[in-house]
Structure formats: C-alpha cells, structure tokens
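Visitor: In the working numbering, the protein residues as written are 63 to 480.
Hints listed in this document are in silico derivations from the structure and should not be mistaken for laboratory results.
Beta carbons: idealized from backbone N, C-alpha and C, even for Gly.
Among these hints, one or two may not hold up.
[As the list claims (entries may be wrong)] Distance windows between CB atoms, simulated:
1. A166 with R472: 28 to 36 Å
2. W332 with S93: 33 to 41 Å
3. G398 with P420: 19 to 27 Å
4. D295 with G402: 57 to 65 Å
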Amino acid sequence: MALDIRTLDDSDVADWLRALHAGFLISPSVSEEEVAARRPTYDLARTRGAFDQGRCVATFRSMPRELTVPGGGTVSASAVTNVSVTGTHRRRGLATRLMAADLADAMERGDAVSILVAAEYPIYGRYGFGPATWVTDWTVDVPRAGRDPRYAGPADGGRVDLSTIAEVRKAGPALHERVRAVTTGAINRTGHWWELFTGQRRLPSFEWKEPFYALYRDADGRVDGLVAYDIDDEYWPNKLPKVDATVRQLIAATPAAEAALWGYLLSLDWVTVLKTGHRAPDDLLPLLLGDPRAARTETYADFMWLRVLDVPAALSARTYAGGATCLVLDVSDASGLSGGRFLLETDASGAAVCGPAPAGASADLSLDIAGLGCLYLGDESPVRLAALGRITEHRTGAARTADALFRTPRRPWCPEVF
Numbered sequence: 063m064a065l066d067i068r069t070l071d072d073s074d075v076a077d078w079l080r081a082l083h084a085g086f087l088i089s090p091s092v093s094e095e096e097v098a099a100r101r102p103t104y105d106l107a108r109t110r111g112a113f114d115q116g117r118c119v120a121t122f123r124s125m126p127r128e129l130t131v132p133g134g135g136t137v138s139a140s141a142v143t144n145v146s147v148t149g150t151h152r153r154r155g156l157a158t159r160l161m162a163a164d165l166a167d168a169m170e171r172g173d174a175v176s177i178l179v180a181a182e183y184p185i186y187g188r189y190g191f192g193p194a195t196w197v198t199d200w201t202v203d204v205p206r207a208g209r210d211p212r213y214a215g216p217a218d219g220g221r222v223d224l225s226t227i228a229e230v231r232k233a234g235p236a237l238h239e240r241v242r243a244v245t246t247g248a249i250n251r252t253g254h255w256w257e258l259f260t261g262q263r264r265l266p267s268f269e270w271k272e273p274f275y276a277l278y279r280d281a282d283g284r285v286d287g288l289v290a291y292d293i294d295d296e297y298w299p300n301k302l303p304k305v306d307a308t309v310r311q312l313i314a315a316t317p318a319a320e321a322a323l324w325g326y327l328l329s330l331d332w333v334t335v336l337k338t339g340h341r342a343p344d345d346l347l348p349l350l351l352g353d354p355r356a357a358r359t360e361t362y363a364d365f366m367w368l369r370v371l372d373v374p375a376a377l378s379a380r381t382y383a384g385g386a387t388c389l390v391l392d393v394s395d396a397s398g399l400s401g402g403r404f405l406l407e408t409d410a411s412g413a414a415v416c417g418p419a420p421a422g423a424s425a426d427l428s429l430d431i432a433g434l435g436c437l438y439l440g441d442e443s444p445v446r447l448a449a450l451g452r453i454t455e456h457r458t459g460a461a462r463t464a465d466a467l468f469r470t471p472r473r474p475w476c477p478e479v480f
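Construct the complete structure from the given sequences, taking the supplied hints into account.
Guide: Here it is, written out as structure tokens:
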C-alpha cells in the first residue's frame, strides 16, 4: 500500500504524537493529557504526517513567525519543527515529500523565508537551507572569574529584583519585543511560548520545574532585562559549596541590563559554576569577566538554518553596510522554487531594492539558494564561501563587495528553540 502524506484532522493527533515521541526518543506512548495539552497549539492545516496502513510513521509541522533582519525590519517566516521519520520507514523519501509540501504552501502564502533548528547538520542543505545563525554555550568557573567580592548590585542606578511569575508574564512580552527589534535573527514569541516559559501550560512528557526569575529595571524603573535560571545544589564536598546555576533565558534591551544580570548571577552565594545556555557567539559575557578564561566554551555550533523563498522580498527587507552599489546575483535552486538572476541595488543609507536582473545582465556572483541562506542575516562571509567554491565570482572584487554589503557589526542570534 502506498504511503499517504497529508495534513491532519483531530482524529490523527494522538497517533501523530506517538510517531513524534518515537522519532525524538521521548517515549513509546502518549497520554490523553498530552494530547489535550498539545492539540490547541497546533494548526492542523500546517501539520502533516506520513501514514502507512493508517499508522503515522513521519511527522512535520510549521508555524508562522516574524524574523528580524539586519536593520530592524522583519520578514514573514515559516518556522519548521517536529520533523521526524520512524526508524522503520527511513530512506523512503518521506522527509523530502513532507518538506516539499510545506515549502510549496509557504510560497503560496507569500512567506519570504523558511527557518528551522537543525538537529543534525547534513540533512537540510539538500532542501536549500543554510546555517544562518550560530550559538555558543559557556561554563564559567565563578571563583576564577575575577568578580569584585564587594559587588552589591548595579552601579548605574538600576536594580535587579527577584520576580514572580505574574510579574514576568506582565513585563516579559513587551521586553522581548524591544529586544527582538534590535536582534538580527530573533523571532516573535507567542502567548503559548510565554505560557510554557512560566509554567501556566505544562506538557506531561516534559517535567517542569519553576526557575528563579529576576528583572533588571533602569534608574527610571523601566524593565530592561530578564533572566530565568535553575539551581543544582546536590552536595558540598568537604563542607565547601559546589553549586551550579544554569541560565534558561537571559534577554536584555541594553548593555547595562545585560551586564547587571550577569553580575547578579556571578554574585550568587555558593554558586561555583555558571552555565550560560545558548548565547550569541559574540556575547558580551566572557569580556565582562575579570578573567575571560574562566568562561570555557562547551558548545559552538550552527543553530538556526534559513531557506530563502522569495529572493526579491527577502533581500529588499534588510539593510546593507556597503554604501550605494549594484550587485547581480545568479541564484540556483535545484527545487525550482526560488532561483533566478537578481539585481540588488543599495543606496548610501543602506536601503535596498531587489528585483529580476535586466535581460542580458551579466552575473557578478553565482551561488545556490542554501549559500544565500548562509549570507542573508550577515553571519557568513561571501569571500570565505568563494574560497570554498560555494560562490563563483564572475567580476573581480565582487565577493568583497558582497562581503561589505551583507556582513553585520554583531553576529545574528536566534534566542529560541522552536
């Protein structure tokens, strides 16, 4: 019997979740409570499965998101998640068919890009995605960090206070919108995200432990920063404190707020190890320490991958740093969705217009759609991609011109796992 790929109806959700749990090695079964908790958060028109004789054997879902691009503008993004294929049904093209259906829908909706967090590196390049943001995790040896033992809080007139869930629910969304507006690579957070973050909605398959929350307020009382962290205080060897603090989330709208929250975490009594969780690869943290070597890199890896769906819309939405110039890009797309030859024109302010190149226009650079995804948010170097053979330079100096245009002063960062 042929495998059936389709969107879900309500009667499919439990079976789909069982396949998802199997694919992500969560559990072999799904409770009625899990189904009831998850169903209201799924758009079934964007949730697909592959079915073999009525049993779900592959899962796929996408969600609407706004993605912040260089310059503070946004583009509509289809955020792909929950991609799995049951081990009994691998190598049958199921992920490819599911992805093709979702990308076609995203094109029809007019989404400029599709984004995802790749569990494994080799999979998604074949679908036109390229790694667009990276993350770093640090473990800080607090006694070696060189902090001031007399530290008693921010010296800028602001303050850090432990906060309740109600305070976080009230202040967090507005703060995140401010942070998102100035963070290339960030996406919007839904009400559902905040419910999970604050424990108002809990999933039976994931144990929820209430973290400590703290807010930073500036001298005028405005909330400029938020941190959530866990404490692991299991034992004290030889009657000496050995406590771990792990950051779940830390967002800050100003450098002062960011420095104040790290300063607070580093000053916690008995904490000897501070685990930062996923941070921007050029985060301020190591250089905030008296001894930056106290921050040991645990992870440095690709994170959010991006596929451009509408090249003119995507390239016109962001700003550029290279001044007034023109660049003709020949973009290949094996899927036939987004390829073509495009003229990118920028002015002195960094604003841009992109559209089809005039007939007969010669390409300055050639690259594939995945390469454009790597470049789009400003993290990757066109010169480096040219050295790797992933960009072909047809006009001498065009890769350097593109490098000046696309690169950003700070590296993009997506604070979300989605």
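Visitor: If a hint holds in the structure, say so; if it does not, say that too.
Guide: Status of the hints after comparison with the structure:
As the Cβ distance of A166 to R472 is approximately 35 Å, the hint placing it in 28 to 36 Å holds. Distance hint check: the CB atoms of W332 and S93 are about 38 Å apart, consistent with the given range 33 to 41 Å. At roughly 22 Å, the beta-carbon separation of G398 and P420 lies within the given 19 to 27 Å, and the hint holds. Separation of D295 from G402 is about 58 Å and conforms to the stated range, judged on CB atoms against 57 to 65 Å.
The structure shown violates none of the earlier numbered hints.
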